[in-house]
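**Q** Sequence:
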Amino acid sequence: MCGIIGLITNNIDSINITYKIYELLFNLQHRGQDSFGIVTYNNKTENVFSQKNQGLVDNNVEKIDFSKSNMGIGHVRYPTHGNNTINEIQPFTCYFNNIGISLVHNGNIYNVDDIRLFLNNYNYNFNSTSDSEVILILFYHFIKNDLSELDNDLSKLDNDLIIKSIYNIYDLCKGSFSIILMIHGYGIIAVRDKYGIRPFVYNKFYNSVEFSSETIGLTEDSNYQNVENGEVIIVDNYLNISKYRLYNEILKPCIFEYIYFSRQESYINDVLVYDFRHSVGEEIASDIDIDIINDIDIVVPVPLTSIISASAIAHKINKPLKHVIQKNRYTHRTFINKEDEIIKNIKKIKIIKSLVKGKNLLLVDDSIVRGNTSKYIINLLRDAGANKIYFACCSPPIKFPNCYGICLYKNDELIANNKSIEEVCEYLNLDKLYYLSLKNTCNVLKKLNPKLVDFELSVFTGNYI
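Be aware that the sequence shown starts at 470, since it is given in the numbering used here, and climbs by one per residue.
Check before you lean on any hint, since a few could be wrong.
What the hints assert, rightly or not - Distance condition first, Cα-Cα at most 30 Å in a straight line; then the derived DSBU-like pairs of lysine-lysine:
no.: 1; residue 1: LYS796; residue 2: LYS879
no.: 2; residue 1: LYS513; residue 2: LYS791
no.: 3; residue 1: LYS822; residue 2: LYS791
no.: 4; residue 1: LYS712; residue 2: LYS633
As the list claims (entries may be wrong) - Quick list of the computed label-pair ranges, beta carbon to beta carbon:
no.: 5; residue 1: ASN556; residue 2: TYR716; range: 30 to 36 Å
no.: 6; residue 1: ARG714; residue 2: PRO789; range: 48 to 54 Å
no.: 7; residue 1: ASP900; residue 2: LYS673; range: 49 to 55 Å
no.: 8; residue 1: ASP622; residue 2: ASN516; range: 16 to 22 Å
no.: 9; residue 1: GLU895; residue 2: PHE674; range: 53 to 59 Å
no.: 10; residue 1: ILE555; residue 2: GLU895; range: 42 to 48 Å
no.: 11; residue 1: LYS817; residue 2: PHE587; range: 51 to 57 Å
no.: 12; residue 1: PHE595; residue 2: ASN566; range: 28 to 34 Å
no.: 13; residue 1: GLY524; residue 2: TYR896; range: 31 to 37 Å
no.: 14; residue 1: ASN580; residue 2: ASN552; range: 16 to 22 Å
no.: 15; residue 1: ASP923; residue 2: GLY524; range: 15 to 21 Å
no.: 16; residue 1: HIS792; residue 2: TYR713; range: 45 to 51 Å
no.: 17; residue 1: LYS817; residue 2: TYR713; range: 22 to 28 Å
In case anyone wonders, no lab produced these hints; they're calculated from the structure. We put the CB at the ideal spot given by N, CA and C, even for glycine.
Build the full structure now, drawing on both the sequences and the hints.
**A** Shown next as structure tokens:
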């Protein structure tokens, strides 16, 4: 899971592309906090600006060159493959003669080692351990002969040549990908995998086109459109948009985007994330036993992504909602950090003890993954004097590794993998644990968008596309 942005304009004086990318990347910061990068190109001066830094976007704003450009791409990174060094920071760029090609990618290619072996036969050098760099080199490999015939005149570049190269990406790359390619001086290309596992949207204005991982990463979302699964969209310097639906598989979005990853303001496959989280709260409230409802004094959300669901639960069972768990807003999201960093960050959580002492709590969270954060919070609540702690988990049990861009690679790091619900409940020191069923989770999305009929559910089922 990463965040990607692409912008192109035909009026270089009306939009500062670099600043706009910075602004929109800031709105996608929740999708990746390890690093960010920007590459822009100016058609008139042929200047390329590239900025890559570890850390958050806003922490590095003074290093960004806001000079004018007419096209650019940006990325915030959450590592799902390879090392975590400056070499892995996107965008990646390569050159053929004087023609530059840059790429950003959200997703994960799980057969990347096989593709490296294929490319090694052609003596390519890799500057990183990233699967995204491999996608860029693949595209370059299959289009370089066509580029050589252009004599650096990109006006001769035909969309069919681009599509021919992208077909090979679809053919060779197994996994998930939302990709933005930028051919310097030519335009921007958006590509979404056959099943649309990761979200991808765009918007066209009178003098610009924007691409983003989520609608929150667009200037405004009132007229957004989806990059469809299996679709390629090419936007040239004149903002001519060409669409190619290369595959017509059933859309299978990652359900975890709705549960945790995406911002509540975003529309993901035409479902407002806020509506999903509110609806699953109402759904799981219906599963809570009446005697336990009568025993609950307060409903307690785990900040931040469970607040909407907890509010819906509190309203439905007619119990007060109390924000007794306070999280330092300057810490990163705990789930997307590595194991040693999770412990460090959850210690930033504080409890308002006077609201807890002697009370029976219904604790609400979006999911339970490894169980580290949940166990730590539950222990804090016990230490603060909580009497009974019930737990409503607004997702099904997460039992299996993921190969599509979520950093869940080992069975034994998932608390529900080898434990029953009763065993998880005992391990976490709870009085009762409720999980939302997979059937009800899917039904919520189907009600919110009847066009959604299937989903990527491997972390819950162990069945992979």
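**Q** Against this structure, judge whether each hint is valid.
**A** So, going through the hints one by one against the coordinates:
{"no.": "1", "hint": "LYS796 x LYS879", "verdict": "holds (28 Å)"}
{"no.": "2", "hint": "LYS513 x LYS791", "verdict": "violated (57 Å)"}
{"no.": "3", "hint": "LYS822 x LYS791", "verdict": "holds (12 Å)"}
{"no.": "4", "hint": "LYS712 x LYS633", "verdict": "holds (14 Å)"}
{"no.": "5", "hint": "ASN556 x TYR716: 30 to 36 Å", "verdict": "holds (32 Å)"}
{"no.": "6", "hint": "ARG714 x PRO789: 48 to 54 Å", "verdict": "holds (50 Å)"}
{"no.": "7", "hint": "ASP900 x LYS673: 49 to 55 Å", "verdict": "holds (53 Å)"}
{"no.": "8", "hint": "ASP622 x ASN516: 16 to 22 Å", "verdict": "holds (19 Å)"}
{"no.": "9", "hint": "GLU895 x PHE674: 53 to 59 Å", "verdict": "holds (56 Å)"}
{"no.": "10", "hint": "ILE555 x GLU895: 42 to 48 Å", "verdict": "holds (44 Å)"}
{"no.": "11", "hint": "LYS817 x PHE587: 51 to 57 Å", "verdict": "violated (45 Å)"}
{"no.": "12", "hint": "PHE595 x ASN566: 28 to 34 Å", "verdict": "violated (21 Å)"}
{"no.": "13", "hint": "GLY524 x TYR896: 31 to 37 Å", "verdict": "holds (35 Å)"}
{"no.": "14", "hint": "ASN580 x ASN552: 16 to 22 Å", "verdict": "holds (19 Å)"}
{"no.": "15", "hint": "ASP923 x GLY524: 15 to 21 Å", "verdict": "violated (38 Å)"}
{"no.": "16", "hint": "HIS792 x TYR713: 45 to 51 Å", "verdict": "holds (48 Å)"}
{"no.": "17", "hint": "LYS817 x TYR713: 22 to 28 Å", "verdict": "violated (47 Å)"}
Checked against the numbered hints above, the structure breaks hints 2, 11, 12, 15 and 17 and satisfies the rest.
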